[in-house]
Amino acid sequence: MITAGMDLGAKTIKIVIMKDGQVIARVKKLSGFEQEILAKEVMNEALVQAGIELDQVDKTVATGVGRKTAPFATDIITEVGAAARGAIARNPNLRTVLDIGAEEGRAIIVTPEGRVKDFAINEKCAAGSGTFVEAMARALEITIEDFGPMSLTSDKAVPMNAQCAVFAESEVVSLLHARTPKNDITRAVCDAISSRIVSMARRVSIEPEVILIGGMAYNVGFVASMKRTLTEMVIQVPDNPEFVGAEGAAWIAHDKLGG
Amino acid sequence: MPQKKEFWRWKEYNWHDEDIDPHAGEIISAGVDVGSVSSQVVIIVDGKLYAFSSMRTGSDSPDSARNAMSWALENTGLEIDDINFVVGTGYGRVNVPMAHKAITEIACHARGANFMYGPKVRTILDMGGQDCKAIRCDHRGKVTNFLMNDKCAAGTGRGMEVFADLLQVSIEDVGELSFKVDHEPDPVSSTCVVFAKTEAAGLLRQGWNKNLVLAAYSSAMAHRVFTLIERLGVEPEFAITGGIAKNIGVVHRLEDELGMKALSSDIDSQIAGALGAALFAKALYEKKMKKK
Numbered sequence: 000m001i002t003a004g005m006d007l008g009a010k011t012i013k014i015v016i017m018k019d020g021q022v023i024a025r026v027k028k029l030s031g032f033e034q035e036i037l038a039k040e041v042m043n044e045a046l047v048q049a050g051i052e053l054d055q056v057d058k059t060v061a062t063g064v065g066r067k068t069a070p071f072a073t074d075i076i077t078e079v080g081a082a083a084r085g086a087i088a089r090n091p092n093l094r095t096v097l098d099i100g101a102e103e104g105r106a107i108i109v110t111p112e113g114r115v116k117d118f119a120i121n122e123k124c125a126a127g128s129g130t131f132v133e134a135m136a137r138a139l140e141i142t143i144e145d146f147g148p149m150s151l152t153s154d155k156a157v158p159m160n161a162q163c164a165v166f167a168e169s170e171v172v173s174l175l176h177a178r179t180p181k182n183d184i185t186r187a188v189c190d191a192i193s194s195r196i197v198s199m200a201r202r203v204s205i206e207p208e209v210i211l212i213g214g215m216a217y218n219v220g221f222v223a224s225m226k227r228t229l230t231e232m233v234i235q236v237p238d239n240p241e242f243v244g245a246e247g248a249a250w251i252a253h254d255k256l257g258g
Numbered sequence: 000m001p002q003k004k005e006f007w008r009w010k011e012y013n014w015h016d017e018d019i020d021p022h023a024g025e026i027i028s029a030g031v032d033v034g035s036v037s038s039q040v041v042i043i044v045d046g047k048l049y050a051f052s053s054m055r056t057g058s059d060s061p062d063s064a065r066n067a068m069s070w071a072l073e074n075t076g077l078e079i080d081d082i083n084f085v086v087g088t089g090y091g092r093v094n095v096p097m098a099h100k101a102i103t104e105i106a107c108h109a110r111g112a113n114f115m116y117g118p119k120v121r122t123i124l125d126m127g128g129q130d131c132k133a134i135r136c137d138h139r140g141k142v143t144n145f146l147m148n149d150k151c152a153a154g155t156g157r158g159m160e161v162f163a164d165l166l167q168v169s170i171e172d173v174g175e176l177s178f179k180v181d182h183e184p185d186p187v188s189s190t191c192v193v194f195a196k197t198e199a200a201g202l203l204r205q206g207w208n209k210n211l212v213l214a215a216y217s218s219a220m221a222h223r224v225f226t227l228i229e230r231l232g233v234e235p236e237f238a239i240t241g242g243i244a245k246n247i248g249v250v251h252r253l254e255d256e257l258g259m260k261a262l263s264s265d266i267d268s269q270i271a272g273a274l275g276a277a278l279f280a281k282a283l284y285e286k287k288m289k290k291k
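If you read the sequences in order, they're chains A and B. According to numbering that gives the first Met the number 0, the residues represented by the first sequence are 0 to 258, in order. According to numbering that gives the first Met the number 0, the residues represented by the second sequence are 0 to 291, in order.
Read the hints as simulated data drawn from the structure, not as lab findings. Since this is a predicted model, take the numbers as computed values, not measurements. Mixed in with the good hints, there may be bad ones.
[Said to hold, decoys possible] Under the rule of at most 25 angstroms between Cα atoms (straight-line distance), these lysine to any residue pairs were calculated in the SDA-like manner:
| no. | chain 1 | residue 1 | chain 2 | residue 2 |
| --- | --- | --- | --- | --- |
| 1 | A | K39 | B | T197 |
| 2 | B | K150 | A | A177 |
| 3 | A | K27 | A | D74 |
| 4 | A | K255 | A | T73 |
| 5 | A | K67 | B | G206 |
| 6 | A | K123 | B | K260 |
| 7 | A | K39 | B | K150 |
| 8 | A | K10 | A | A138 |
| 9 | B | K260 | B | G174 |
Full structure from sequences and hints, please.
Pasting the structure below:
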């Protein structure tokens, strides 16, 4: 049985093709205004990677903010549902999924079957999402790839007062004017966003084990801050953390076919 | 290298009343409002508005206060030592070097609005650069209750500056242009300014013109402050102070939503805080003199 999961996110499109529960292709591309056309391109690439044709895919399920316009998909699933299913497939002992994407942050409590028991979500505010880090990287004139590693070189906790990304950008500029080292500022940004995520997560009761997924999980500085903030829990960061939602969608396709 | 035009940058200005001889007055008092984005100084002579200045706040509060003060004094023939009492207010009020006392901007805006709009004003919306406050006051301009948003750029002047820059429209023109549309569009749906920017870029791509996007953002901002003021409860009469009060795009849409007109005044809405501080300064000086 071959299934596909597409995750049409705010920033990137992720597609996973799965054969009998094993991932045989995964492709990610930056999203844009023509999400539908881009999604087709990503799907073609994934098919080439898997070495199959489109009609060999038995079922496709879409998730993500652009799921309603997804080509090929016969079913859709919410981001929360997809993340829960994908995460439990990675590790059946998980109970809490922290999914931090480009424009949303989610804390999800899952049952052993991969169902959603409770969740909290922030989609209203850029503080607590990947966009926040991108805006600060712009103000600091560093790349997003350098952001995490740079913050690890700091051992100083500089406070950030602003919560709003717009105000925080001005604050970062003020800190630079006050000759605060860039690495200390990157750490302050990571600390600020992780404290936002943790306070959101505490609204649902966090249970072990905890997994961190979504694009922000690539940021080692953010992961370190999360570990400092949520001291009572062990936080796991899986391989390919950004693909967990797409995998979840592929799993749901698999489940629907009775696999 | 060509200088990039900064569309958000509004004009700085000063003014004084030629018809008043400040040296003939008994009490000269001043209010210094160091806000997060702009700084104002107001000088009053025996309770009459005499001079004011409005400037962009720099990175250093004491310097911003000093600069705004010397600009307000420019060509007046007055010196800083001629001023009997100075009250500092605003976000940077504790860092006003020439101030004898600091008073919160909420109290000062209520006091200033009472002077500008008369004793009938009961609800004041102060729309500042980096925050927004809904204030209720009594007939003497004394604060009875307030609510404030200082956490989020949505509904603040800074949010509008971001849009002026994005659409390359001078901040002063935003209000008027937002009405040059053939229909009133739905408001921008994102609350967060950062997300609203992305949404606006998408709208422009769909073929919306700049004015239509400005209209959509202005009504989103009006709705945002409407929810704040609704939570406090609006008691007429109603007035708006701060920089956004000059943006008719937001003001008229807010008036429509409230079903109520905002009071108008000949006095610049942006100096309300500093004016309130100057009025407090006068009262405090009189009290001090009585004690002697």
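Hint-by-hint comparison with the structure:
1. The straight-line distance between the Cα atoms of K39/A and T197/B is roughly 23 angstroms, inside the 25 angstroms bound, and the hint therefore holds.
2. Taking the CA atoms of K150/B and A177/A, the gap is about 23 angstroms. The hint holds against a cut of 25 angstroms.
3. In summary, the hint linking K27/A to D74/A is supported, as the alpha carbons are separated by about 20 angstroms, within the 25 angstroms threshold.
4. In summary, the hint linking K255/A to T73/A is supported, as the alpha carbons are separated by about 11 angstroms, within the 25 angstroms threshold.
5. Taken as a hint, the K67/A and G206/B pair is honoured in the structure, with Cα atoms around 22 angstroms apart against an allowance of 25 angstroms.
6. About 30 angstroms separates the Cα atoms of K123/A and K260/B, which puts this hinted pair outside 25 angstroms; it is violated.
7. Note on K39/A and K150/B: the hinted pairing is violated, with a Cα-Cα distance of about 40 angstroms set against a maximum of 25 angstroms.
8. Restraint check: the Cα-Cα separation between K10/A and A138/A comes to about 19 angstroms, which is no more than 25 angstroms; the hinted pair holds.
9. Using a Cα cut-off of 25 angstroms, the hinted pair K260/B and G174/B holds, with the two alpha carbons roughly 17 angstroms apart.
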